[in-house]
Structure formats: structure tokens, C-alpha cells
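Below are the chains, spelled out letter by letter.
There are 2 protein chains.
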Amino acid sequence: MKRETLVQNIFDKQSFLCVGLDTDVKRIPMFLRNADDPIFEFNKQIIDSTRDQCVAYKPNIAFYESLGPQGWISLEKTLNYIPDSHFTIADAKRGDIGNTSQMYARTFFERYDFDAVTVAPYMGIDSVLPFLEFEDKWVILLALTSNQGSHDFQLQKSIDERFLYEHVLETAQQWGNPDNLMFVVGATQATSLQQVRSIVPDHFLLVPGVGSQGGDLGAVYEYGKNDTVGLLVNSSRSIIYAGSDEHFGAAAANASTLLAKEMRILMAE
Amino acid sequence: MKRETLVQNIFDKQSFLCVGLDTDVKRIPMFLRNADDPIFEFNKQIIDSTRDQCVAYKPNIAFYESLGPQGWISLEKTLNYIPDSHFTIADAKRGDIGNTSQMYARTFFERYDFDAVTVAPYMGIDSVLPFLEFEDKWVILLALTSNQGSHDFQLQKSIDERFLYEHVLETAQQWGNPDNLMFVVGATQATSLQQVRSIVPDHFLLVPGVGSQGGDLGAVYEYGKNDTVGLLVNSSRSIIYAGSDEHFGAAAANASTLLAKEMRILMAE
Chain S
1 MKRETLVQNI FDKQSFLCVG LDTDVKRIPM FLRNADDPIF EFNKQIIDST
51 RDQCVAYKPN IAFYESLGPQ GWISLEKTLN YIPDSHFTIA DAKRGDIGNT
101 SQMYARTFFE RYDFDAVTVA PYMGIDSVLP FLEFEDKWVI LLALTSNQGS
151 HDFQLQKSID ERFLYEHVLE TAQQWGNPDN LMFVVGATQA TSLQQVRSIV
201 PDHFLLVPGV GSQGGDLGAV YEYGKNDTVG LLVNSSRSII YAGSDEHFGA
251 AAANASTLLA KEMRILMAE
Chain A
1 MKRETLVQNI FDKQSFLCVG LDTDVKRIPM FLRNADDPIF EFNKQIIDST
51 RDQCVAYKPN IAFYESLGPQ GWISLEKTLN YIPDSHFTIA DAKRGDIGNT
101 SQMYARTFFE RYDFDAVTVA PYMGIDSVLP FLEFEDKWVI LLALTSNQGS
151 HDFQLQKSID ERFLYEHVLE TAQQWGNPDN LMFVVGATQA TSLQQVRSIV
201 PDHFLLVPGV GSQGGDLGAV YEYGKNDTVG LLVNSSRSII YAGSDEHFGA
251 AAANASTLLA KEMRILMAE
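So the sequences go chain by chain: S and A. So the first sequence is residues 1 to 269, counted in this note's numbering. So the second sequence is residues 1 to 269, counted in this note's numbering.
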């Protein structure tokens, strides 16, 4: 998907919500577990219930992979079911030497036709470039994540007194551009978003951690937005597991509507 | 596999060779491509031809994943075919927030019963700990890799004048121990192995990059060995693609025998 299309969708819907499909077979409603493909059945209803409120979907690949070959079939069916109007992110956090990253890129961009894949920066340039060679496809590079462990290395200061995540932002800008490269910045690090924006004013940011992980949407918008909004805020568990019985679709619709409404108000200010 | 068993295997065989199964459907001999499961057929013959010379196998997950559900079936058959005597490494370079890393750990340690999985350190402690909770299973954490991009961040100096990879080694030692944690150190960085050994004297190191990537086995052994050898040296393409016709098994046997012979001489010195 082209950047202009994504931006247009955000303004049309007045929403920058991404719904995370972290679909865990142990957490989906009991009545679905005997379906032919419980994971796909669950995702289908979640997509039907949330598509009007969100602009993107982000399947978490770990959850599908853990089910073996059948999990990849459920993933493919899910991806085919997501409307073309929605931006799709393979949350895979891949990254390896060049020829291996190329293989990962082909998997997610050719075999599965995702718009974007999350990539880990530790191995540097040749682990990222192969993903950037696909037209209208995106790398979403980890910068500052929302978890406790982000303090171990990402927030370590380098010899020029800058954090590692700042170096990642600066260096990666030389590899890609705002049309093919986004960054992951956790919502629990909202005040750092100002600093992130001073380094990457134009790039989209994928912001996980609103909802279950405790991030504050208002602060994310205040510190993270740019002229074209420039944000995709992801919520997974607080939407998809909002309900646990046969009404889980309605519960997900409610949860996503509440977030989208908050976004509409923020965008109108 | 327990550490003592791995060490015993290395001394029994006088080899610390790991064969990387980066099996690319486009590079396997033509005559195999019409087999029922060409990837498994190829791996089977490679394993038959190299098992006496090596102590470990390392399937590169990207190559299997790129084939969709069938790739995971080929991977499982391959894993089942590898003798129990051999240490098995899922080269997957995973790493995510806690609940997702737990999912990845279950995939590789429970569903597929690998002995070890490679993990990327960027997201810190909670991305690694879930893998360390499995008995007799191993994390192999990226430290200093063999590719060009290792210079981007791994060799960046922090405020205390130490490289990032040194911090990774120091910090991760608090998470695991020499019985469940190894580190990846590229063979093309052989002189850095001395520095690595000063920080982690007892941990095993997985050393890729000998062969196609140009690393020097003698230097790796000189700078990287410890009392129990403490090395797994991986070679992939220079062994598995040593031949390209129906004699590829014999060619792989030759290539692995040459490396194993070199190891035997080094260990005898």
C-alpha cells in the first residue's frame, strides 16, 4: 500500500487504529473451538466487527507459527479475508544476514502479500535492505519498544550520550524513507515520542501498548502525531478478548469503537 | 540436550562442526525437484552424508517458512530424521515481548523439540527469559554477527567505551548460565573472540561464517576455544551445496570431512 493511500484512509475514517490479531487458541471462546478452523473463524468475526473502526490489522506471527502448518493456513485465510482497504502488518520481528532476510521478505511480501513486516535492527543494514526492495511494501523497524526489557539495550547511552534507539532511528533513515520505513515506538514510552519525532519527523510510527500494556492514547497523539497523523496505534488483547462468549464480536466492536471515538476527538481538536 | 552430553560428543568425535541446513529449493540438485518432498529428500541425504563428521545441525527457519505450510512439514520430518545424538538448533532469530516470546519458545521447544533456538537481544530481558524456562533447552543469543551490518550497532561504543555486543554478553550472563545460554559470534570477527572469551569464558559460542562467508577455522579455534572446546562452528552453503548433481551427498561428505579433519588436528595440538 502506498503512503498516500494509508494517510487518506486515516483521514477518511478519522481513525489510526490497528487491531492486533494475537489469536491464541486457548483464549478464544469455547463455542468456537470445535469449528473446522477456530483461529480463522475467530479472526473473521473480529474483522467483521472492527473493520469500520480501524485502518490496519497486525497478525502476531508467533501465535500462528505455534500451531504448525495449520497455523499458517489459518494465517493465509485471515489475510485473504482482510479487506484490501486495510493495511496489513506481519508482526514477525525477523532479521538475519542478507540472503536469509531476503527469504523472510519473500515469505511475507510475496507468498503472503502483507503490506509490512516488523524487523529487528540488531544485525544492521544487510538484515534490513532486502525488505526495502519491494515496491509499496514496508519495513517497520523496532526502535523503542513498550516492554520492560527496552531498558536493557535500547535505552543504553552511547559514547555521544545518545540512546541506542536514537542511533537506530538516525542510521535507518539512510536505508529507507517515509514511503517504505516505519518505526515501532511503544505507547508506554509516550514522552520519548517527542524525541523520536525530532529525529524522524515524517516517518509513520507503529505504537503498540495502548490497552493491556497501559499506554495512554492522548499522550501518544500529543507527542507522536505529525502533519499526516503519522501514527498507527495498535491494540490487541483489549479488543479481541473484550468478550469471551458468543457475543465476543459485539464486545470487540464496542472496544474498537471506544478507541476510534477517542481518536476522532483527538483528530478534531 | 545437557551440556555434558554435548561436550562428550565433541570429544568423542573430535569435531565441533555444526552443519547448517539452509535448504533452498532453487539450489538443490535438479533430479530431486520432482520428489514428493524435495527439501526433506535433500536434507536426508545431507544428514546421512555428514552425521559422522558433525555434532549439530542448524536448520535456517527462513528457508522452510518461505515454502508455506509444506515447508514446516519438511522441517519436522528433517528434525525427526536427525539422530538423537546430534544437537539441533532452530536458527530463527526470534525475540518479542514476554507473552509472544513464550509462544515462540513453545513452538521450537515443544512442538518441534529443538535443543536450541537463536534469539535476538534488542528487546531485552523479557524477550529472552521465556526461552530459558525449558529444561535442557538453550538460547543462542546474537552477540557479534559475521555480516557487514554488525558494524551498525553491535560495534557501536557506549558511554563507558564498551561495544554494544559486550554489554549484551555481560547483561545476558545474568539471565542464563553456561548450561542454557550460548552466544553467536561470527567467524569473520575472529580476533574479537579473545575479547568475547574474557567476558564469557565458560559459555558455548556458535560461530557461523566459516566457508562461504570467509572465516578462518584456525583463528576461530585459537581465539575462541576454552577447556571444553566451547565452540560450535557452523558451515552451511560450503557443505550442502558442495555438489550440484546426483553425487551431492558424496560432495557434502567430503566437504564436512575436510572441516572435521581440520578440527581434529586443532584439537590434538
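It should be emphasised that the hints constitute simulated quantities derived from the structure, not laboratory data. As the structure is a computational prediction, the values presented were derived from the model and not from experiment. Think of the CB as a built atom: it goes at the ideal place given N, C-alpha and C, for glycine as much as any other residue. Do not rely on the hints blindly, as some may be mistaken.
[Stated by the list, open to error] The calculated DSSO-like cross-link candidates involving lysine-lysine, where the alpha carbons are at most 27 Å apart (straight line), are:
(1) S/26 x A/137
(2) A/2 x A/13
(3) S/77 x A/2
(4) S/137 x A/26
(5) A/137 x A/26
(6) A/225 x A/44
[To be verified] Anything over 10 Å on all C-beta distances counts as not near chain A; from chain S, calculated:
(7) 3
(8) 79
(9) 136
(10) 148
(11) 268
Hints, one by one, checked against the model:
1. Among the hinted pairs, residue 26 of chain S with residue 137 of chain A is consistent with the structure: their alpha-carbon atoms are about 24 Å apart, no more than 27 Å.
2. Proximity of residue 2 of chain A to residue 13 of chain A is assessed by CA-CA distance (about 17 Å); at most 27 Å being required, the pair is judged to hold.
3. For a cut-off of 27 Å, the pair hint linking residue 77 of chain S to residue 2 of chain A is broken: about 40 Å separates their Cα positions.
4. Proposed proximity of residue 137 of chain S and residue 26 of chain A is supported: the alpha carbons are some 24 Å apart, at most 27 Å.
5. A threshold of 27 Å between alpha carbons decides the hint, and for residue 137 of chain A with residue 26 of chain A the separation of about 32 Å lies outside it, so the pair is violated.
6. A distance of roughly 31 Å separates the Cα atoms of residue 225 of chain A and residue 44 of chain A; the hinted pair therefore is violated under the 27 Å criterion.
7. Here residue 3 of chain S stays apart from chain A, with its beta-carbon at least about 25 Å from theirs, past the 10 Å limit.
8. Non-interface status of residue 79 of chain S relative to chain A is upheld: no Cβ of that chain comes within 10 Å, the nearest being about 12 Å off.
9. Every Cβ of chain A is farther than 10 Å from the Cβ of residue 136 of chain S; the closest lies at roughly 20 Å, confirming the non-interface assignment.
10. The beta carbon of residue 148 of chain S is not kept farther than 10 Å from every beta carbon of chain A, the shortest such distance being approximately 5 Å.
11. At roughly 32 Å, the least C-beta separation between residue 268 of chain S and chain A is larger than 10 Å, which holds for a residue marked as non-interface.
When held up to the earlier numbered hints, the structure conflicts with 3, 5, 6, 10 and fits the remainder.
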